[in-house]
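For the protein sequence lines, the chains are U and G, in the order given.
The letter at position 109 of the first sequence is residue 108 when you use numbering that gives the first Met the number 0, and the numbering goes up by one with no holes.
The letter at position 121 of the second sequence is residue 120 when you use numbering that gives the first Met the number 0, and the numbering goes up by one with no holes.
It should be emphasised that the hints constitute simulated quantities derived from the structure, not laboratory data.
Just so you know, not all the hints are guaranteed correct.
[Unchecked claim] Keeping only pairs whose Cα atoms sit at most 30 Å apart, straight-line, the calculated DSSO-like set for lysine-lysine is: (1) G:K216 with U:K31; (2) G:K42 with U:K31; (3) U:K156 with G:K42.
Letter by letter, the chains look like this.
There are 2 protein chains.
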Amino acid sequence: MPGPFSGIRVVVYGVGAMGAIATRLLVEKGAKIVGAVGRSPSKVGRDLGEVAGLGTRLGVSVESNADLVLSRGADIAVVCVGSYLSSMHRHFETCLKHGVNVVTIEEETVFPWTTAPDHAQGLDALAKANGVTLAASGAQDVFWLNMVTTLLGASHKVETVVGRCRWNVDDYGPEVANHLLIGKSRAEFEDYVASSGWPEFVARQVLEALVARLGLKIGSMESDVTPVLADEQVHCRSLAAEIPKGHVIGTIDRTAVTTQEGPSFEFAMEGRIYREGENDTNLWQVTGEPNLQLECDDANYRFTTCSTLINRIPDVIAAAPGLQSLDGLNPPSYRHH
Amino acid sequence: MPGPFSGIRVVVYGVGAMGAIATRLLVEKGAKIVGAVGRSPSKVGRDLGEVAGLGTRLGVSVESNADLVLSRGADIAVVCVGSYLSSMHRHFETCLKHGVNVVTIEEETVFPWTTAPDHAQGLDALAKANGVTLAASGAQDVFWLNMVTTLLGASHKVETVVGRCRWNVDDYGPEVANHLLIGKSRAEFEDYVASSGWPEFVARQVLEALVARLGLKIGSMESDVTPVLADEQVHCRSLAAEIPKGHVIGTIDRTAVTTQEGPSFEFAMEGRIYREGENDTNLWQVTGEPNLQLECDDANYRFTTCSTLINRIPDVIAAAPGLQSLDGLNPPSYRHH
């Protein structure tokens with residue numbers, strides 16, 4: 000029986016941990032994988048099925064020349080490489096200029112209009128010129144945006160919306176752990192933030208997309224970061240290191256927004272090395288008339304980022320050309336296979 | 000400042016407990032109430048603002064002649080009268096034939112195609128002939144349909160979806176309490192069900208809408224009802240009566256569906272007289288890859304049925320003509336005022 004994605008030609012762009020999960024889901028949905036882009040010398044030249052750990056060959060080699068892979072044509076590229084448009088825009092441009100739609104887990108593209116306006120406008124224009132769409136998805140699409148806007152469909156009057164989530168640093172490998180300064184002392188953390196600043200992470204983009212979806216306008220916005228310090232020595236799997244007591248085992252990224260119309264919004268994301276038995280959480284509390292709340296325990300963000308991304312493929316192909324921030328897409332849908 | 004509904008002309012059709020809440024929300028959203036339909040001699044002829052307990056007059060009299068009220072024209076009628084199409088179709092027909100859209104809390108219209116196909120097709124044709132839309136909404140729209148389909152947007156593979164909710168019989172007055180056989184003995188309950196059957200309540204319609212939204216096809220379906228018996232004497236506020244130990248204080252309506260494609264669905268709704276401190280619950284558990292869950296504590300179904308209904312007004316006015324079952328509407332939205 001053909002799967003829901005049969006006939007859709009996909010390039011897997013980025014073959015790390017997330018790209019490997021995405022590859023399996025694409026195969027199970029019946030997509031036709033027509034190319035794979037990677038950069039690690041240990042992966043380039045090998046079959047994508049092997050690199051992704053599927054235990055079967057897919058007849059698609061991982062190649063390092065993205066331009067060449069995309070030039071052969073595809074309906075969409077599934078891009079799982081990095082987290083900020085300042086570096087990721089080049090990858091998106093390569094896809095778009097070849098007339099290939101892009102769906103990505105890159106977080107800034109959730110709502111890039113204020114944090115990276117030049118890249119956002121350039122990519123939007125390039126996508127429109129080539130008749131294709133660039134959009135981001137991932138767990139934030141379901142758990143932090145659309146679940147919340149759907150809940151608010153039951154609200155007569157919103158005063159405050161406060162979201163809290165927790166995710167496991169050890170689910171995402173050494174790059175993310177180092178980005179969060181895992182293992183540093185409090186002084187090192189504070190020195191780093193004081194000297195280098197702290198890039199606003201996806202909490203800001205999520206709230207901006209949420210406010211835009213509700214048709215409200217941002218009045219003021221503030222973001223801050225708080226280190227979570229170990230109260231005993233903790234093992235960090237992704238760094239293969241012991242983190243001493245008192246050192247950083249996580250961070251809480253928080254953004255708060257007031258709107259010109261009145262309602263205020265706050266979202267705090269705690270990324271931390273988990274203790275035994277902890278799982279990914281998602282809690283949103285609404286005050287107003289009435290008070291409302293929503294809780295999703297065990298949200299499994301690592302996996303649901305990939306599964307939501309893949310479920311989005313038909314939406315992104317069907318969307319109007321341009322950069323579609325997450326507030327502009329239809330609600331996410333299950334695709335049965 | 001004009002509200003989000005300014006310029007929308009509304010008839011409040013049904014001025015009981017739910018119609019009274021709806022009236023206040025409409026006023027606060029800035030709708031223009033142009034008529035009110037009621038039947039109780041204690042309400043007909045009085046000002047809607049008084050009848051709805053707003054403490055202010057609205058300059059709109061409650062009238063018993065629906066045909067007359069609707070003939071004066073309106074954009075939409077907010078219909079809060081009864082629960083089954085077998086009696087409610089006449090009210091909807093009155094609105095539709097005058098070219099007035101209808102949004103209603105009547106539960107069967109959530110997905111009427113299989114339980115009331117003749118009424119559904121007749122109303123669909125009448126709505127299309129008059130260029131207007133008939134649709135149902137209420138708490139089920141947000142909590143039992145759209146929250147669930149949104150969550151499933153993070154699912155790679157669904158095996159089972161099981162929903163549980165609880166609502167307070169005492170929130171809905173004597174008509175609902177009597178409908179649920181509150182106060183009867185177990186033998187009386189069982190005799191009634193054996194001789195008269197038990198009308199499938201909204202659990203079935205919710206699951207049928209859910210399956211339709213997911214693009215799946217029903218394989219088999221079964222519904223049953225279980226009485227909840229008092230383990231001590233309980234006061235029933237809506238009947239102003241003491242329910243003896245062993246008698247009915249609630250029912251659990253359950254529907255289970257298998258689909259031709261594989262996933263199965265179950266939803267059980269417990270309507271019961273609450274103990275001190277209990278509140279309305281909503282829990283959905285998904286098995287598959289991954290397992291997922293969603294919980295909304297204190298869902299306040301009585302109020303959120305009205306608030307969701309009112310938030311739906313712009314969607315129903317904008318929808319394509321015809322009877323739109325809930326699977327066919329856009330996701331619900333907050334309307335800030």
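Evaluation of the provided hints:
1. G:K216 with U:K31: Within the cut-off at roughly 26 Å; holds.
2. G:K42 with U:K31: It is violated: about 65 Å lies between the C-alpha atoms, which goes past 30 Å.
3. U:K156 with G:K42: Satisfied, since the Cα-Cα distance of roughly 29 Å is no more than 30 Å.
Taken one by one, the earlier hints fail for this structure only at number 2.
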